[in-house]
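Could you build all of it, start to finish, from the sequences and the hints given here?
Residue-level listing of the chains:
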Amino acid sequence: MSLQRVSFVEAKGSLVRDCPGTKNHICCGYKTIDLIEGCILSCSYCILKYYINADGIKVHGDTPYILSQIEEVINAEKGHILRFGTGELSDSLALDRKYRLNRPLVEFFGEKKRALLELKSKWAGFDHLAPYLNPYTVISFSLAPQRSIDREERRTSPLYKRLKAAKKAQDLGCFVGLHLDPIIIYDGFEKDYEYLIEDIGRLLDLKKVIWISLGLLRFPPKLLDHFIENKRKSLLYGEFIQGEDGKCRYIKGERIKVYRMLYNQLKSKDDELFVYLCMERSDVWKAVTGMTLNESEALIGLFDKRIKTLYGGTI
Amino acid sequence: MNHLETISIDQINRDDRRFCISYPLENPMLRASIEKVGIIQPALLFGPCPYTIIAGFKKVQMAIELGYVAIPAIILSNIDEKEALLYAIHDNLIRGLNTVEKALAIEKMSRMDFPMPPIFDTMVFLGLKPHEKVRAIHSAIAHAEEPMKALIVSKNLSMKNIETLLRFDRSERGPLLGLLSTVHVTEGSLREILGMMILMKIREGQIDFDGFSGVGSADDLKRILKGRMYPILTSLETKLEHIRQQSALPPHVDIKVDPFFEKEYIDIGIRAKDIKDVEYALERLRKALEGGSIGSMLELTKG
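Chains as they are written, first to last, in the numbering used here: chain A, 1 to 315; chain B, 1001 to 1303.
Each hint should be verified, as a subset may be incorrect.
Claimed, not checked - Rough simulated footprint, nothing fancy, chain B against chain A, three-plus residues with beta-carbon under 8 Å:
#1 224–238
#2 252–262
#3 282–293
As the list claims (entries may be wrong) - Taking CB as the label site, the calculated pair distances span:
#4 A130/A <-> D1208/B: 55 to 65 Å
#5 S14/A <-> E1290/B: 24 to 34 Å
#6 I1275/B <-> M261/A: 30 to 40 Å
#7 D271/A <-> G1178/B: 17 to 27 Å
Unchecked claim - In the BS3-like style, the derived pairs of lysine-lysine whose C-alpha atoms are separated by at most 27 Å in a straight line are:
#8 K1239/B <-> K257/A
#9 K231/A <-> K1133/B
#10 K1302/B <-> K1226/B
#11 K222/A <-> K1201/B
#12 K1302/B <-> K257/A
#13 K1263/B <-> K247/A
#14 K231/A <-> K1129/B
#15 K231/A <-> K1160/B
Keep in mind that the hints were calculated from the coordinates and are not lab data.
Note that the Cβ used here is the ideal one computed from N, Cα and C, for glycine as well.
Encoded structure:
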């Protein structure tokens, strides 16, 4: 499936970093592991496609080097339960069956029992990892209505396969994460998301969903030119403004309306679901959830609480 | 050895424009200069007779218009067609080429089957990035219709605006250029207008030119487009303007609201040269606060 050159490069410098976050937006304090830079899935809206993939896909195959960095970060952290993910600069699972990069990480987190590893993907295949999975690995899927997947995520697994894979991960004893991100506004998207949330409620054990993120489409202005050049009508449907971080986002009133709708629908399925907004302003948080989060630290605290609740203090 | 000769205009095949990269051919300054002192620099001609002009198209054109029957020229007959084109380009480089002329130069090289390396070399001489995308854009400029070329040169359009213009179909560019010719546009306002027009084309599938009939200025055009493409933002701006008018704050009290209503706060500034100014500003702000204007502004930032 891969049309891009994949090369193994020497692991240099810091590959375990804080999620960059953006100015005046609440960040969840995620730690990113740059195991792979670039992605074969080539979703239409993806920033990686235009910036990182230019030189092909780079794989940092020096696992001991990466594990030592993760260990260092975990040991240095005294206050919070850390969450690590490999899905920031790539898809966590799309290349894994071929290159088997996740297994040592999964095993490391399972042995360590002090932090969580999140494998975030739009690719439903993880059978090769099944024998090694443990509760310290969260299998996560980005979800979108099939109509949106057909248009924007053509090389990814269809929705039903992602949901089926999520259920399988739950059956294997893992918590799963769900990411409704990016949410794209198009004609009729409300109904499509309503059905999507129905499917989530019907097919998954919501008690084993560790978190659900909501993130409306946002992108650097340079991508806007690409969308226009490629006549991506579906991506240009809403009303975009430039946020304080310089990224193009839907205008705030629309964001609140959409987040509120999805938040309420999710909560109506199970009021205990942990639903958070990815990279949003504190006033949007307040308007949508009623919660006052003045800084990222408050959200990180909510994550700690959530994890402690689900793991019963075993981390 | 090439000699300076006097060549009869009749010996020149003026229809052969293989090497012509001059745009536009009309040049009132050159005409006035020839009228005053005659032709100083000879034309470069490609032999044998009838000769093709390599460089000096404008000169020959002006000479004919001024009734010359012969002009000074240097005939180059010991070079091939490709060398002649390179002579034409490099001879004109000295005066500085406009965007359309650069495009014509690159396009003519492509048409004469120059391989890419010399085309890229020439692009560097022309001050362009030697890249296929840049070459393709210039090829499109060379093939553009006359009004578009004229606009590019007369307004010295930026590459960004040219690229946006090229995203419209030829059938759309006609009325679009017609519309733009009726208003005074700066480079910046043109960028905004074209940006919203292309958005309209993608979102609505076509541009509703009827909706712009009677626009008198670039600002009018922007206002109409903004209302169509950014209805929520436009409505917030209108409300803010209304509140500002209602609050009637003096000019030295400035309330800044984020232009996209994204920031959840407003900035209030007072320019004062003495205590009385401060007291007056605070009094007016107090009135605006009690009258609900400031609260209404804050409300707008809540989405």
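Hints not upheld, ascending by number: Going through the list in order, the structure violates hints 5, 6 and 7 and respects the others.
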